[in-house]
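Chemist: Now for the letters of each chain:
2 protein chains.
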Amino acid sequence: MASLGTLYVVSAPSGAGKSSLIKAYLADHGDNASVSVSHTTRAPRPGEENGVHYHFVNHAEFEKLIAQDAFFEWAEVFGNYYGTSKAAIQQQLEQGLDVFLDIDWQGARQVKKLQPNAKTIFIAPPSQAELLSRLQKRGQDSDEVIAKRMQEAQSEISHYDEFDFIVVNDDFAQALADLTAILRAQRCTQQKQAKKHQALFSDLLA
Amino acid sequence: MASLGTLYVVSAPSGAGKSSLIKAYLADHGDNASVSVSHTTRAPRPGEENGVHYHFVNHAEFEKLIAQDAFFEWAEVFGNYYGTSKAAIQQQLEQGLDVFLDIDWQGARQVKKLQPNAKTIFIAPPSQAELLSRLQKRGQDSDEVIAKRMQEAQSEISHYDEFDFIVVNDDFAQALADLTAILRAQRCTQQKQAKKHQALFSDLLA
Numbered sequence: 009m010a011s012l013g014t015l016y017v018v019s020a021p022s023g024a025g026k027s028s029l030i031k032a033y034l035a036d037h038g039d040n041a042s043v044s045v046s047h048t049t050r051a052p053r054p055g056e057e058n059g060v061h062y063h064f065v066n067h068a069e070f071e072k073l074i075a076q077d078a079f080f081e082w083a084e085v086f087g088n089y090y091g092t093s094k095a096a097i098q099q100q101l102e103q104g105l106d107v108f109l110d111i112d113w114q115g116a117r118q119v120k121k122l123q124p125n126a127k128t129i130f131i132a133p134p135s136q137a138e139l140l141s142r143l144q145k146r147g148q149d150s151d152e153v154i155a156k157r158m159q160e161a162q163s164e165i166s167h168y169d170e171f172d173f174i175v176v177n178d179d180f181a182q183a184l185a186d187l188t189a190i191l192r193a194q195r196c197t198q199q200k201q202a203k204k205h206q207a208l209f210s211d212l213l214a
Numbered sequence: 009m010a011s012l013g014t015l016y017v018v019s020a021p022s023g024a025g026k027s028s029l030i031k032a033y034l035a036d037h038g039d040n041a042s043v044s045v046s047h048t049t050r051a052p053r054p055g056e057e058n059g060v061h062y063h064f065v066n067h068a069e070f071e072k073l074i075a076q077d078a079f080f081e082w083a084e085v086f087g088n089y090y091g092t093s094k095a096a097i098q099q100q101l102e103q104g105l106d107v108f109l110d111i112d113w114q115g116a117r118q119v120k121k122l123q124p125n126a127k128t129i130f131i132a133p134p135s136q137a138e139l140l141s142r143l144q145k146r147g148q149d150s151d152e153v154i155a156k157r158m159q160e161a162q163s164e165i166s167h168y169d170e171f172d173f174i175v176v177n178d179d180f181a182q183a184l185a186d187l188t189a190i191l192r193a194q195r196c197t198q199q200k201q202a203k204k205h206q207a208l209f210s211d212l213l214a
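Chains as they are written, first to last, in the numbering used here: chain S, 9 to 214; chain X, 9 to 214.
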């Protein structure tokens, strides 16, 4: 039988506000939702904690986990590995937690193949102009770097039609309400409710 | 392409609070949702208006509509016909309205067969004791009538696992929030958003 928790893959181009939305959601619903902590071989950045931001492992350890088929999805980016451990997520789901996976469309595809019950959510910016403006506001990036980010963003956005849900982050409060509704509605699906309320339906049909 | 609106079949045993929930939802969301008005051959009761509570027609008219395949679903109950016209609902859905169909599990099955995009919602009472108490509070019904209602309720409840969503109406505000989330989340599905935001995605990918 399905677990009470649901696995959510949330993808977005950078600048869409995905991290802020997930953070705001968890601030209100931290008791029944969490973000999956990925494994990586890259070095911790200042302030990053092992087990909180990532599980930091070396290449040999990561490759051993790959060989053990321990990952939902993994990828090599600029010479470093990133991956999502099945065991950790499964445990959270069975505790009834919803789990967010913050990965790109390629990871979303892999996860959906392995776990068809997972729900995929795409966060979209409200316009190209606004996306550009958000990327420009981030700081001291050169025009060249920003142009490259816009290109990467478009590549990510081109897969928007592969997702189960789309949240357009124009007004932040509305986008958060959309995200919240998606997770609440999922908890009302027949499979989840039948499991949660087994005793109730036994009583009603007695 | 799918319409922006969604057809919701809402079923429940009497005493579950279905009508109150739909009424409360529409009080807040009357601009983008409505209840389908059924056709019937039974006589109007005091206070019932033609076109508001039902479309009142005679047997010959109803049978003509059946022959024209004009109904999503219809049934004969105690010698009277009840039916849901396809044309009226389709028009509302294409205007972007969500439409509630207040029918039983048999109607739900028929509608789902004809319109697989329809979503079915079952409203459940929080316990058998509470259901009995709600039926008893309704007024001057004899024990025999109440026992019959409980039997009918159990028969309806036995089909709870055929529905897409289940809302347990224990705390009314929470049940209303569940219902509201289900409808809001449905508006965030990829198909609905891709249609609603066609111009946005053209802009983002330009």
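Since the hints were made in silico from the structure, they are not lab data.
Heads up, a few of these hints could be off.
For chains that are exact copies, the list does not tell them apart, and a pair is met inside one copy or across any two.
Stated by the list, open to error - Computed cross-link-like contacts, BS3-like style, restricted to lysine-lysine with a CA-CA straight-line distance of at most 30 Å:
1) Lys-72 x Lys-120
2) Lys-156 x Lys-204
3) Lys-204 x Lys-121
4) Lys-120 x Lys-200
5) Lys-203 x Lys-72
6) Lys-203 x Lys-120
Chemist: If any of the earlier hints don't hold here, list their numbers in rising order.
Modeler: 5
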